[in-house]
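Enquirer: Here's the letter readout for the chains.
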Amino acid sequence: MSMFRTLDISATGLHAQTIRLNTIASNMANVDSISSNAQDTFRGKKPVFETIMDEATGLPAGGVKIKDIVENKAPLKMEYMPNHPMADDKGYIYRPNVNVVEEMADMMSASRTYQTNIEVMNTSKQLLLRTIQMGK
Amino acid sequence: MESIFGLHERALQVRSERQQVLANNLANADTPNFKARDVDWRKQLSAAQDDMQRTPYKPDMQKTNSRHIDGFADFTTEDYLKFRMPTQAALDGNTVEAHIEKAQFMENAMQYQASLEFINGRITGIRGALRGE
Numbered sequence: 001m002s003m004f005r006t007l008d009i010s011a012t013g014l015h016a017q018t019i020r021l022n023t024i025a026s027n028m029a030n031v032d033s034i035s036s037n038a039q040d041t042f043r044g045k046k047p048v049f050e051t052i053m054d055e056a057t058g059l060p061a062g063g064v065k066i067k068d069i070v071e072n073k074a075p076l077k078m079e080y081m082p083n084h085p086m087a088d089d090k091g092y093i094y095r096p097n098v099n100v101v102e103e104m105a106d107m108m109s110a111s112r113t114y115q116t117n118i119e120v121m122n123t124s125k126q127l128l129l130r131t132i133q134m135g136k
Numbered sequence: 001m002e003s004i005f006g007l008h009e010r011a012l013q014v015r016s017e018r019q020q021v022l023a024n025n026l027a028n029a030d031t032p033n034f035k036a037r038d039v040d041w042r043k044q045l046s047a048a049q050d051d052m053q054r055t056p057y058k059p060d061m062q063k064t065n066s067r068h069i070d071g072f073a074d075f076t077t078e079d080y081l082k083f084r085m086p087t088q089a090a091l092d093g094n095t096v097e098a099h100i101e102k103a104q105f106m107e108n109a110m111q112y113q114a115s116l117e118f119i120n121g122r123i124t125g126i127r128g129a130l131r132g133e
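Residue numbers (full-length UniProt numbering), protein chains in the order written: chain A, 1 to 136; chain B, 1 to 133.
In short, the hints are calculated from the structure, not lab data.
Here a beta-carbon is modelled for each residue, glycine too, at the ideal position from N, C-alpha and C.
Do not rely on the hints blindly, as some may be mistaken.
Unchecked claim - Taking beta-carbon pairs under 10 Å as the criterion, some of the chain B residues facing chain A (in silico):
id, residue
1, GLU17
2, LEU26
3, ALA27
4, ASN28
5, ASP30
6, SER46
7, ALA98
8, MET106
9, LEU116
10, ASN120
11, ILE123
Full structure from sequences and hints, please.
Expert: Below is the structure:
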């Protein structure tokens with residue numbers, strides 16, 4: 001039955017990569033969400049992956065899950081724009097600490113891993129079908 | 001009675017377990033500190049061979065009561081799982097190298113199909129014998 005387990009494992013991979021793509025999309029969408037103070041400014045988010053452990057054996061054998069979604073600790077971008085309606089007393093506006101180039105690279109990586117998991121599923125499906133047709 | 005499929009049945013089991021291990025490696029390609037694993041095929045196969053030579057197709061489940069039914073223990077590759085030696089370790093401690101894992105995965109899929117072909121050949125042979133052709 002372990003060929004069916006393979007499908008489950010790849011499915012957890014797809015799920016995790018989907019969440020990663022979602023956070024990237026959210027980061028990219030908020031790249032221009034400016035604010036007049038540091039607290040309210042959007043900070044980039046990133047999921048942390050973790051292996052699903054087998055409870056009985058304590059071995060990693062069951063796919064991947066999202067352990068946590070952490071905020072980017074990098075400093076926000078302060079910009080001196082005294083004429084901006086959102087500027088604070090000193091004339092600064094705050095921009096999110098989202099680096100578009102980094103996000104794009106991350107997106108490519110996520111989409112490649114997603115594709116890999118799909119390929120694994122397709123191969124396993126073919127093997128399963130052949131096994132079912134054994135002896136015919 | 002010895003299995004008519006001989007070692008191919010075991011081979012198929014190991015192949016499908018290995019498929020699972022490799023799929024897990026690929027799913028964890030972005031997990032920090034994840035160490036890629038693989039089945040030590042040579043050891044696994046020789047163990048299976050030894051097992052079959054000693055007592056062909058023996059039930060290896062433990063019986064603690066006289067009324068227990070003979071059974072076969074679940075076949076597992078756990079004892080033969082080894083960590084992959086990375087050619088270039090990532091900074092986050094992850095040792096999954098997608099190209100290597102993919103190549104191994106493809107190879108394993110082919111070998112699985114080969115094992116299936118061998119078994120199908122046996123089935124065809126036995127069918128022929130039964131029909132008296």
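Enquirer: Work down the list of hints and note, for each, if the structure agrees.
Expert: Structure-based check of all given hints:
1. Nearest Cβ of chain A to the Cβ of GLU17/B: about 5 Å, under the 10 Å cut. The hint holds.
2. Hint status for LEU26/B relative to chain A: holds, with the closest Cβ pair at about 5 Å, below 10 Å.
3. Among the interface hints, the one on ALA27/B holds; its C-beta lies about 3 Å from the nearest C-beta in chain A, closer than the 10 Å criterion.
4. Interface hint at ASN28/B: satisfied, since its Cβ lies 5 Å from the closest Cβ of chain A, which is below the 10 Å cut-off.
5. Using the Cβ-Cβ criterion of 10 Å, the hint placing ASP30/B at the interface with chain A is satisfied: the shortest such distance is roughly 5 Å.
6. Because the closest C-beta pair between SER46/B and chain A is about 21 Å apart, greater than 10 Å, the hint is violated.
7. The criterion of a C-beta within 10 Å of any C-beta in chain A is met by ALA98/B, whose closest approach is roughly 6 Å, and the hint holds.
8. Satisfaction of the interface hint for MET106/B is found here, the shortest Cβ-Cβ separation to chain A being roughly 8 Å, below the 10 Å cut-off.
9. Taken as an interface hint, LEU116/B checks out: its beta carbon lies about 6 Å from the nearest beta carbon of chain A, inside 10 Å.
10. Taking 10 Å as the C-beta contact cut-off toward chain A, the hint placing ASN120/B at the interface holds, the least distance being around 6 Å.
11. At a threshold of 10 Å, the smallest CB-CB gap from ILE123/B to chain A is about 4 Å, leaving the interface hint in force.
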